[in-house]
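A.B. asks: Each chain, letter by letter, is given below.
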Amino acid sequence: NAGVTQTPKFQVLKTGQSMTLQCAQDMNHEYMSWYRQDPGMGLRLIHYSVGAGITDQGEVPNGYNVSRSTTEDFPLRLLSAAPSQTSVYFCASSYSGHMNTEAFFGQGTRLTVV
Amino acid sequence: KQEVTQIPAALSVPEGENLVLNCSFTDSAIYNLQWFRQDPGKGLTSLLLIQSSQREQTSGRLNASLDKSSGRSTLYIAASQPGDSATYLCAVRPAADAGNNRKLIWGLGTSLAVNP
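Top to bottom, those sequences are chains A and B.
Numbering-wise (our numbering), the first sequence opens with residue 17 and increments by one.
Numbering-wise (our numbering), the second sequence opens with residue 8 and increments by one.
Hint data in this document are derived by calculation from the structure and do not stem from the laboratory.
Among the hints, erroneous ones may be present.
In silico lysine-lysine, DSS-like type, Cα no more than 30 Å apart, as pairs [what the hints assert, rightly or not]: (1) B:Lys8 / B:Lys75; (2) A:Lys25 / B:Lys49; (3) A:Lys30 / B:Lys49.
Go ahead and model the full structure; you've got the sequences and the hints to work with.
C.D. replies: Put into structure tokens, the structure is as follows:
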């Protein structure tokens with residue numbers, strides 16, 4: 017099982033550049049989300065989706081866009097990268113229910129904006 | 008506001024020791040609590056999920072307990088091995104979420120080093 021797959025694993029961007037972080041899952045999970053992990057701050061929710069065609073904002077959505085055209089894929093777009101977006105990004109998926117909602121995470125994308 | 012705290016922040020033990028990692032949360036209204044392992048530069052691996060109605064879960068040498076009323080969970084690792092060296096994170100899923108964001112609230116983790 018591939019689980020949750022993120023690409024790329026590492027990326028360096030210049031300020032103002034745009035890019036898309038890819039995330040795909042093969043578990044038929046309805047719920048997908050993006051987190052960023054920063055030292056001393058823990059993981060914070062950026063955007064999430066409860067199913068194809070439905071997305072919403074999390075705690076720190078500014079500077080990021082998402083779309084969910086299929087159940088499997090949930091890309092995260094940085095429209096104009098800023099040094100404050102230097103972070104490790106994790107994509108996660110789970111079933112949509114509240115109780116048995118074990119979250120599965122990808123390997124992460126380490127992004128540096130210079 | 009739900010807050011999750013993990014103590015200690017770092018722990019170093021000799022191989023073979025049994026150890027306990029602690030996680031506390033401020034609001035007992037949770038759906039579940041999940042323990043993860045993170046290796047340096049790697050992703051997050053789910054270790055154990057405890058539903059709010061459960062008291063403990065076991066997987067191999069790992070045992071996680073949950074005392075929802077006191078806002079505490081412990082991860083017990085038996086007979087620790089150097090391969091257990093990693094950062095251990097706990098996360099709770101609040102039951103009082105607005106909407107459907109189902110977000111996890113995270114602790115900062117305990118960095119564990121098991122020395123041969």
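A.B. asks: Decide if the proposed pair is consistent with the structure: Lys30 (chain A) and Lys49 (chain B), CA atoms, cutoff 30 Å inclusive.
C.D. replies: Distance ~24 Å between Lys30 (chain A) and Lys49 (chain B) Cα, so the pair holds.
A.B. asks: Please work out if Lys8 (chain B) and Lys75 (chain B) have their alpha carbons no farther apart than 30 Å.
C.D. replies: 16 Å, holds
A.B. asks: Holds or violated: Lys25 (chain A) and Lys49 (chain B), Cα atoms, limit 30 Å.
C.D. replies: Holds, at roughly 9 Å.
Of the hints listed earlier, there is not a single one the structure fails to meet.
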